[in-house]
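Participant: Residues per chain are reported as follows:
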Amino acid sequence: MANYSTNEFKSGLKIILDGDPYNIVENEFVKPGKGQAFNRVRVRNLKTGRTVEKTFKSGDTVEGADVHDTDMQYLYNDGEWWHFMDPASYEQMTADATVVGDAAKWIKDQDMCKVTLWNGVPLAVEPPNFVVLLITETDPGLKGDTSGGGGKPATLETGAVVRVPLFVQGGELVKVDTRTGEYVSRAKE
Amino acid sequence: MHEPTAVTDWPPSASLEAIRARAAMLAQIRGFFADAGVLEVETPIASRCAGSDPALDSLSTRWHGPGWGDGLPLYLHTSPEFPMKRLLAAGTGSIYQICKVFRDGERGRRHHLEFSLLEWYRPGWSYQDLMTEVAALIRLVLGRPDLPSERLSYRGLFRDRLGLDPWAAEPPQLAARAAAAGIGGVGALDLNRDGWLDLLLTHCLEPGLGRGGLTFLCDYPPSQAALARLRLDAVPVAERFEVYLDGVELANGFQELTDAAAQSARLHADLETRRRQGRERPPLDASFLAALGAGLPECAGVALGLDRLLMAALGVHEIDAVLAFPVERA
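Line order of the protein sequences matches chains A and B.
When we follow this note's numbering, the leftmost residue of the first sequence carries the number 1, and every step to the right adds one.
When we follow this note's numbering, the leftmost residue of the second sequence carries the number 190, and every step to the right adds one.
By construction, these hints were calculated from the structure, which means they are not laboratory data.
Predicted model only: the values in this text are computed from it and were never measured.
Keep in mind that the hints are not guaranteed to be accurate.
[As the list claims (entries may be wrong)] For the chain A half of the interface with chain B, some residues (derived, Cβ under 7 Å), not all of them:
{"#": "1", "residue": "P32"}
{"#": "2", "residue": "G33"}
{"#": "3", "residue": "Q36"}
{"#": "4", "residue": "R50"}
{"#": "5", "residue": "V52"}
{"#": "6", "residue": "K57"}
{"#": "7", "residue": "R163"}
{"#": "8", "residue": "F167"}
{"#": "9", "residue": "Q169"}
The C-beta atom is built at its ideal place from N, Cα and C for all residues, glycine as well.
Given only the sequences and the hints, what does the whole structure look like? Please build it.
Facilitator: This is the structure:
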């Protein structure tokens, strides 16, 4: 992959630092009037998710990272591997629990996910922003019982547990915002 | 960089308030200098010569005219210093200039390749006297007559806040101090002593300067003298100052070096640094050196960034907010 010079730095650029792929979150040009110019960047490690600050001398170069996002359809998981397919090429690939991460709580067969690939290898999986899932288990929730202001817990078909309003019952479909893990509404399909 | 100006980029990036504030600021500055008896001058932006400072790169162009069929290479000035010193040597007395200057490779929240500089010179003044005048001008433009000001020494600042003597500390010690301060990526940085000092200054010290008032940072290491005179005390210093407000560098000033031989030596040393770094070595300004040889009066001079002064007056933090059309939409 090509190298980038600091004057090409900008948010969203993917680079390799200490062998790991990073995303530049923020790039600041720093220069005292008659002195050395620096680029002070905030970068997120795409493997660990951690954000750090690094300073580069202006003019230094870094290795670019072959990282890009692609839409893939989730097929199934066999307990160890999650299987995805590129709907355009029918190519399949697998990702383990670490790479799938939180997405495992929300995805069901045929959901389209955003998969981040590094050198063609899955690095992270992002579920759709909203999913519709079946409630497999929840208490009936007594009408008029407003003492538990936060609703009641409900277990979904994926195993995830979300808080739902008291009037929602087992066997119903609910729409969940995967970014917050919160119930949005009941759903039909 | 995105495509050259999209159809939606036609409006200015500065607000009408900022555009009007700039006009008011320029009028105030002209009034200030008229009252003080300082003459406004205009010197060329384009020159056959360019500065040699390794920290600054000039933009260049070509002019085709009589005798120059292939194009005369011209450089856009990074500051009007050299021609203004030629004017001083010709006997103008105190002069000021408001002009655009150009610097290659500089772009950020506080940097733009083209920016407005106010530069002025006071023959017969010390740089301490000039600092007083700089403070007065800034107070006028900001409308803050009671804005406090302090003067700190470069060496004192490093010793007090970082526990380092910038005159004595060597790169390994400076690097260790940078790492200890939490600056990321120190291990991969290849810097000389002044580079490490700049790293520590920008990352650790500048944010604390000019808080609640103006900070004049004075007496720089001799290696960072630029065109300032050296004072050979027990600990030699460059008679240079910088002005900070709210962590932002607004101006740079000197007790000007008037010794032609010493100035020539510095320019040649700069060119040698450029050669070692494999960078362009633009033609040296022989007219400037000749003017020094003819006699530049002892004087103090200062260059102040008008865009940043305007940003301070308006309370904004992005230079684009005070520029009518930054380069991305110019």
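Participant: Look at each hint and say if it fits the structure.
Facilitator: Hint check:
1. P32: holds (5 Å)
2. G33: Holds: closest Cβ of chain B sits about 5 Å from G33 (chain A), inside 7 Å.
3. Q36: holds (4 Å)
4. R50: violated (12 Å)
5. V52: Where the cut-off is 7 Å and the nearest Cβ of chain B is about 6 Å from V52 (chain A), the hint holds.
6. K57: holds (6 Å)
7. R163: With a closest approach of 39 Å, the R163 (chain A) hint is violated.
8. F167: At about 47 Å, which exceeds the 7 Å cut-off, the nearest Cβ of chain B leaves the hint on F167 (chain A) violated.
9. Q169: Violated, because the Cβ-Cβ distance from Q169 (chain A) to chain B comes to roughly 50 Å (cut-off 7 Å).
Hints 4, 7, 8 and 9, counting from the list given before, are not met by this structure.
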